[in-house]
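> Please construct the entire structure, taking both the sequences and the accompanying hints into account.
Note that our numbering has the sequence shown beginning at 1, numbered continuously upward.
No lab work stands behind these hints: they were computed from the structure.
Beta carbons are placed, not taken as given, at the ideal position from N, Cα and C, and that holds for glycine.
Hints may contain errors.
Quick list of the computed label-pair ranges, beta carbon to beta carbon [claimed, not checked]:
| no. | residue 1 | residue 2 | range |
| --- | --- | --- | --- |
| 1 | ILE41 | GLY124 | 28 to 34 Å |
| 2 | SER242 | ILE41 | 20 to 26 Å |
| 3 | ASN66 | ALA154 | 47 to 53 Å |
For lysine to aspartate or glutamate, the following EDC-like pairs were computed, each having C-alpha atoms within a straight-line distance of at most 20 Å [to be verified]:
| no. | residue 1 | residue 2 |
| --- | --- | --- |
| 4 | LYS134 | GLU201 |
| 5 | LYS126 | GLU201 |
| 6 | LYS152 | GLU98 |
| 7 | LYS134 | GLU196 |
| 8 | LYS233 | GLU53 |
| 9 | LYS80 | GLU61 |
| 10 | LYS149 | ASP160 |
| 11 | LYS149 | ASP122 |
| 12 | LYS80 | ASP222 |
| 13 | LYS149 | GLU201 |
| 14 | LYS191 | GLU171 |
| 15 | LYS191 | GLU201 |
| 16 | LYS236 | GLU98 |
| 17 | LYS80 | GLU100 |
| 18 | LYS226 | GLU61 |
| 19 | LYS149 | GLU129 |
| 20 | LYS60 | ASP237 |
| 21 | LYS149 | ASP96 |
| 22 | LYS233 | ASP105 |
| 23 | LYS60 | ASP25 |
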Amino acid sequence: MKKILITILLSLILLSGCVAETSSDTLVIGTSSGYPPYEIIEPDGTLSGFDIEFGNLLAKELGYENVTWEDGSFDGLIGKLQAGSIDLAIAGLSPDPEREAIFSDPYYMDGDNPLHILTTADSGIKVSEDIEGKVAGAQLGTIQESALKTIKDAYNLTIDARSDYGTIVQEVLLGRINFLMVEPAVAQEFKANYDELISFEFVSESIAPLNGVSVAMPLDSDLLEKVNSVIEKLTKDGTLDSLANKYF
Numbered sequence: 001m002k003k004i005l006i007t008i009l010l011s012l013i014l015l016s017g018c019v020a021e022t023s024s025d026t027l028v029i030g031t032s033s034g035y036p037p038y039e040i041i042e043p044d045g046t047l048s049g050f051d052i053e054f055g056n057l058l059a060k061e062l063g064y065e066n067v068t069w070e071d072g073s074f075d076g077l078i079g080k081l082q083a084g085s086i087d088l089a090i091a092g093l094s095p096d097p098e099r100e101a102i103f104s105d106p107y108y109m110d111g112d113n114p115l116h117i118l119t120t121a122d123s124g125i126k127v128s129e130d131i132e133g134k135v136a137g138a139q140l141g142t143i144q145e146s147a148l149k150t151i152k153d154a155y156n157l158t159i160d161a162r163s164d165y166g167t168i169v170q171e172v173l174l175g176r177i178n179f180l181m182v183e184p185a186v187a188q189e190f191k192a193n194y195d196e197l198i199s200f201e202f203v204s205e206s207i208a209p210l211n212g213v214s215v216a217m218p219l220d221s222d223l224l225e226k227v228n229s230v231i232e233k234l235t236k237d238g239t240l241d242s243l244a245n246k247y248f
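Shown next, in the form of structure tokens:
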């Protein structure tokens with residue numbers, strides 16, 4: 001019996017060692033597709049886009065042999081970080097003190113106000129003041145949703161936040177949601193696909209300027225300094241500029 005128990009224990013030790021070795025070679029990155037040009041779903045179901053290329057470069061520079069992309073809802077990314085089911089989140093995320101995560105230095109600085117109004121040409125919404133009393137769309141968990149909550153009372157808004165941008169855009173086209181608050185690069189992508197859509201910058205003194213997207217990590221992650229070092233390297237050698245020029 002003792003020999004059997006010893007054999008079982010040795011097997012478990014060896015097995016746990018194999019699991020640890022495998023996981024240490026693979027970086028698990030959480031993302032949320034359907035947010036072009038950051039995340040794009042190709043016709044064959046594969047992921048592409050600015051964030052995907054950046055994430056693969058980051059993993060390589062960090063010394064990981066493999067990358068696993070876990071695609072899911074945007075508003076679930078921070079929870080996955082907290083649960084330890086993903087190592088990083090790369091999904092056009094802007095640092096936000098309300099998000100229980102640590103954030104890297106920005107790997108992309110648009111320089112533009114990330115709050116733009118996307119609506120139909122016949123909606124009657126042409127300037128920021130025109131959103132008064134309207135139904136506003138945003139993706140759950142985004143800084144755009146937070147911004148809408150900040151100005152909700154001032155503009156008498158009804159907020160309809162959903163997990164999927166594609167669904168919100170369809171609701172805008174149908175007139176059930178009057179406008180979508182989104183960042184300019186994403187607005188451009190949707191306008192390229194739908195001639196009915198227009199967009200403009202939203203300006204409000206109630207909202208502080210927000211710029212840049214960063215990598216999110218669990219609060220106890222030991223990767224922050226390493227990730228920042230890679231971002232600094234890819235910035236100095238021009239890699240990130242070249243990648244941004246490809247997509248933006």
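> Holds or violated: LYS80 with GLU100, Cα cutoff 20 Å?
11 Å, holds
> Is the straight-line distance between the alpha-carbon of LYS134 and that of GLU196 20 Å or less?
Distance of about 19 Å is within 20 Å: holds.
> Decide if the proposed pair is consistent with the structure: LYS233 and ASP105, CA atoms, cutoff 20 Å inclusive.
OK: LYS233 and ASP105 at ~12 Å, within 20 Å.
> Compare the distance between the alpha carbons of LYS152 and GLU98 with 20 Å, and conclude whether the hinted pair is satisfied.
18 Å, holds
> Is the hinted pair LYS149 and ASP96 satisfied, with a Cα-Cα distance of at most 20 Å?
Roughly 14 Å separates the two Cα atoms, so the pair holds.
> Mind checking the hinted window 47 to 53 Å against the Cβ distance between ASN66 and ALA154?
48 Å, holds
> Could you check the hint for me, namely that SER242 and ILE41 are 20 to 26 Å apart, CB to CB?
Holds, at about 23 Å.
> Go ahead and decide if the range 28 to 34 Å is satisfied by the Cβ distance of ILE41 to GLY124.
This hint holds: roughly 33 Å between Cβ atoms.
> Is the Cα-Cα distance between LYS191 and GLU201 20 Å or less?
14 Å, holds
> LYS60 and ASP237 were given as a pair; does the straight-line alpha-carbon distance stay at or below 20 Å?
Given pair LYS60, ASP237 holds - Cα atoms ~16 Å apart, limit 20 Å.
> Is it true that the CA of LYS236 sits at most 20 Å from the CA of GLU98?
31 Å, violated
> Sort out whether GLU129 lies within 20 Å of LYS149, counting only the CA atoms.
Holds, at about 16 Å.
Checked against the numbered hints given earlier, this structure breaks hints 9, 11, 16; the rest are met.
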